[in-house]
Amino acid sequence: MSTAPEARRSGVALRRGLRDALWGYAMIAPLCLGLAALYLGPALAAAATSLGDAGRFGEGVWVGLANYRALLADVELLRAIANTARFVALTVPVSLVWGLATALLLHSRPRGVAVYRALYLLPALTMPAASALIWRWLLNGDYGLLNGVLGVLGLPTLRYLTDAEVAPYAIAAVATWSIVGPTALVLESGLRRIPRHYYEAARLDGASALARLRHITLPLLAPTLFFAAVVTTLLAAQTFDLVLIMVGPTNPALASTQTVLYRLYVEAIVLGRSGYAAAMGTAFIAMTMGLLAPLLWRYSRREFQHGHE
Amino acid sequence: MAPRLIGWLLIAWLLCGCASAPATLAVTLRYALWDVNQVPAAEQQIAAFQRAHPHIRVSIELTPYEQYWTKLGTAARDGSGPDVFWMNGPNIGSYAAAGLLLPLEGWIAADGLDLSAYPAWLVDLYTLRGRTYAIPRDVDTIGLWYNKELFDAAGLAYPDATWDWARLREAAQALTDHERGVWGIAAPLVSQSGYYNTIYQSGGFVLSPDGTTSGFDREETIAGLRFWTDLIDAGLSPSHAQLVDTPPQTLFQSGKVAMLYDGSWQQRPLAQNEQIRAMVDVAPLPRGRERAVIAHGLGHAIAARTDRPEEAWAFVRYLGSREAAEILARDGAALPAYGETADLWVEANPTFNLQSLVDALDGAVPLPTSADAAVWWELERTHLTRAWTGEVSVEEAAALLAQEMNRVLAWEVLPR
Numbered sequence: 001m002s003t004a005p006e007a008r009r010s011g012v013a014l015r016r017g018l019r020d021a022l023w024g025y026a027m028i029a030p031l032c033l034g035l036a037a038l039y040l041g042p043a044l045a046a047a048a049t050s051l052g053d054a055g056r057f058g059e060g061v062w063v064g065l066a067n068y069r070a071l072l073a074d075v076e077l078l079r080a081i082a083n084t085a086r087f088v089a090l091t092v093p094v095s096l097v098w099g100l101a102t103a104l105l106l107h108s109r110p111r112g113v114a115v116y117r118a119l120y121l122l123p124a125l126t127m128p129a130a131s132a133l134i135w136r137w138l139l140n141g142d143y144g145l146l147n148g149v150l151g152v153l154g155l156p157t158l159r160y161l162t163d164a165e166v167a168p169y170a171i172a173a174v175a176t177w178s179i180v181g182p183t184a185l186v187l188e189s190g191l192r193r194i195p196r197h198y199y200e201a202a203r204l205d206g207a208s209a210l211a212r213l214r215h216i217t218l219p220l221l222a223p224t225l226f227f228a229a230v231v232t233t234l235l236a237a238q239t240f241d242l243v244l245i246m247v248g249p250t251n252p253a254l255a256s257t258q259t260v261l262y263r264l265y266v267e268a269i270v271l272g273r274s275g276y277a278a279a280m281g282t283a284f285i286a287m288t289m290g291l292l293a294p295l296l297w298r299y300s301r302r303e304f305q306h307g308h309e
Numbered sequence: 001m002a003p004r005l006i007g008w009l010l011i012a013w014l015l016c017g018c019a020s021a022p023a024t025l026a027v028t029l030r031y032a033l034w035d036v037n038q039v040p041a042a043e044q045q046i047a048a049f050q051r052a053h054p055h056i057r058v059s060i061e062l063t064p065y066e067q068y069w070t071k072l073g074t075a076a077r078d079g080s081g082p083d084v085f086w087m088n089g090p091n092i093g094s095y096a097a098a099g100l101l102l103p104l105e106g107w108i109a110a111d112g113l114d115l116s117a118y119p120a121w122l123v124d125l126y127t128l129r130g131r132t133y134a135i136p137r138d139v140d141t142i143g144l145w146y147n148k149e150l151f152d153a154a155g156l157a158y159p160d161a162t163w164d165w166a167r168l169r170e171a172a173q174a175l176t177d178h179e180r181g182v183w184g185i186a187a188p189l190v191s192q193s194g195y196y197n198t199i200y201q202s203g204g205f206v207l208s209p210d211g212t213t214s215g216f217d218r219e220e221t222i223a224g225l226r227f228w229t230d231l232i233d234a235g236l237s238p239s240h241a242q243l244v245d246t247p248p249q250t251l252f253q254s255g256k257v258a259m260l261y262d263g264s265w266q267q268r269p270l271a272q273n274e275q276i277r278a279m280v281d282v283a284p285l286p287r288g289r290e291r292a293v294i295a296h297g298l299g300h301a302i303a304a305r306t307d308r309p310e311e312a313w314a315f316v317r318y319l320g321s322r323e324a325a326e327i328l329a330r331d332g333a334a335l336p337a338y339g340e341t342a343d344l345w346v347e348a349n350p351t352f353n354l355q356s357l358v359d360a361l362d363g364a365v366p367l368p369t370s371a372d373a374a375v376w377w378e379l380e381r382t383h384l385t386r387a388w389t390g391e392v393s394v395e396e397a398a399a400l401l402a403q404e405m406n407r408v409l410a411w412e413v414l415p416r
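Top to bottom, those sequences are chains Y and F. Residue numbers for the first sequence follow my numbering, beginning at 1 and rising by one. Residue numbers for the second sequence follow my numbering, beginning at 1 and rising by one.
Excised from the complex, chain Y in its bound form (with noise of 0.2 angstroms):
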């Protein structure tokens, strides 16, 4: 198309670019469709809910941003706040950690890599709740298989899931188990896209294996990186079956490992102040929008200008 003659660009290739962009649109039609109707109208109905103060069952009037006034004043919520905060600073940097480490053992190809990959894939694959039950079991305080193992070997013992000091790192470890399969696999295929040649000469000028990971692999990574750490960091916000089927309401962990969601349930669906509940959620979304729309655009123009895919 750039090579196109002067004289042909006003009449043809208008057509033909007005043409490729109606394509474009119908293509993304579908998605758009589908988002506009089951993410941005009920997300633009809770922000309606939000000023009023509905009870459990819908109606109520209006009160312009009250609730948004008494967000800010709800300690409970401020907590939840500071826990979500503990939990993603705990669950992203390991899971990244760990998911680099397994995509570069995966990368190196050995024997049997089909069956790692799939092993590490299941905790993902299986329903949150299913492994929020097992592990519950497992973490036991008094006949769990982790205090049973840890007794016979004469090692100290911890309720895991009952003590405020410790039910956070452990509910931060069972979202880290489930998380580090789907992270392996996506820095994996970023791995892929490295240029092997890269290697080669680094290798050739006697570079080591360190030095290869640090100037090579981590800067040509950093997309993929990037884009694993904003997911990661979305889903360990918004934990919330773990917290209902680990922790329960009586259980004297729950101030110290109930999060944003976590509360939003208990106003929405214990509580049934509906209003209420919808100023968290609306609060919640736009400050996660907050925090990580500038990043994601700062970041994605600039790899528009160095060509990277």
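Since the hints were made in silico from the structure, they are not lab data. Since we're looking at a predicted model, the values are computed, not measured. The beta carbon of each residue, even a glycine, is placed where N, CA and C say it ideally should be. It is possible that part of the hints are untrue.
Said to hold, decoys possible - Covered stretches of chain Y (in silico footprint by chain F; criterion: 3 or more residues with CB under 8 angstroms from a CB of chain F, positions within the stretch not fixed):
id	segment
1	52-61
2	238-244
3	248-258
4	264-275
For chain Y, the structure is supplied; the task is to place chain F on it using the hints.
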């Protein structure tokens, strides 16, 4: 050729007509419930009802309790929910106030239905401002379930109606054996089958009769709460953390805990468990300063937006009849609300001493509830957890709880 064709067309038309005629007359009602143990009894009741009303079909929709109210509330709002469904005390207030239930007193009067067959307090539970919103289905009480083998091994006589708190503590002391990981009793943080009973046994209360004041800051109520925390402190019960980790029913059924306060609804699952049924029995709750047992019962309600109100009423009326109650009693899954069938329930389920659960109905205390019960129940969980773990004293937790509960009660919109 033409007559043959017409002949075939006629036959085809007749067949289509035959197939569709009953279908256009048949009405299907959707019936929602939450207890899988009670489905067999419900199916028998439905079969009997369908025999008497051939043009009405009933389909069961079973949803586990944890999701039942969420699903029902969402569906009822836009009229896509079941026609007939189970209702309980904690939810009758909010559902009636939101206009989601069909008032039944008109039909009750027209059909001359006699509500005195059911316990008066249960009919009252489902009657708000003179309008009846549900017909009682069953009643439940709380009993002292105990492990006979552990009692025999300790050489103790089984619990009976003479027991009081002191006797219970003595027995728990004798039954506790930390070496073997056995406790005398479980002290979980549960209201209906736990501390509500001991609160009333101490002469305290949870909610004032007019529904405006919390009873948690009263001395007697606190004594009822201390009953449980004292058991934990004395090592006669697993700690709160242990009971959260492993449900008390699991501990009881595994022989780790010798006694457990639990509901009459446990009768059937325990009786069906071959390993446990021989090992376990039930006795009346020990008395405190007074004798008191928390009683509750489910009702059948009709959705306000049902498009089959007449048929739904026919079904609900049947479910509240003596015949349906006898089916339920024989099945054993629940004690019917229809008073005269209690003996049938006891006789048909000889595995356990169910008479003690029926006797508890005399002078039972109806489950305390209000329109915003969900809110102050959550407050109870939050505050009393700290008392059960020993983080704060029972007095302090109860005082804070009463304060916040009073605030919630002051905002409630629905008077009885």
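Violations among the numbered hints: Violated hint: only 2; rest satisfied.
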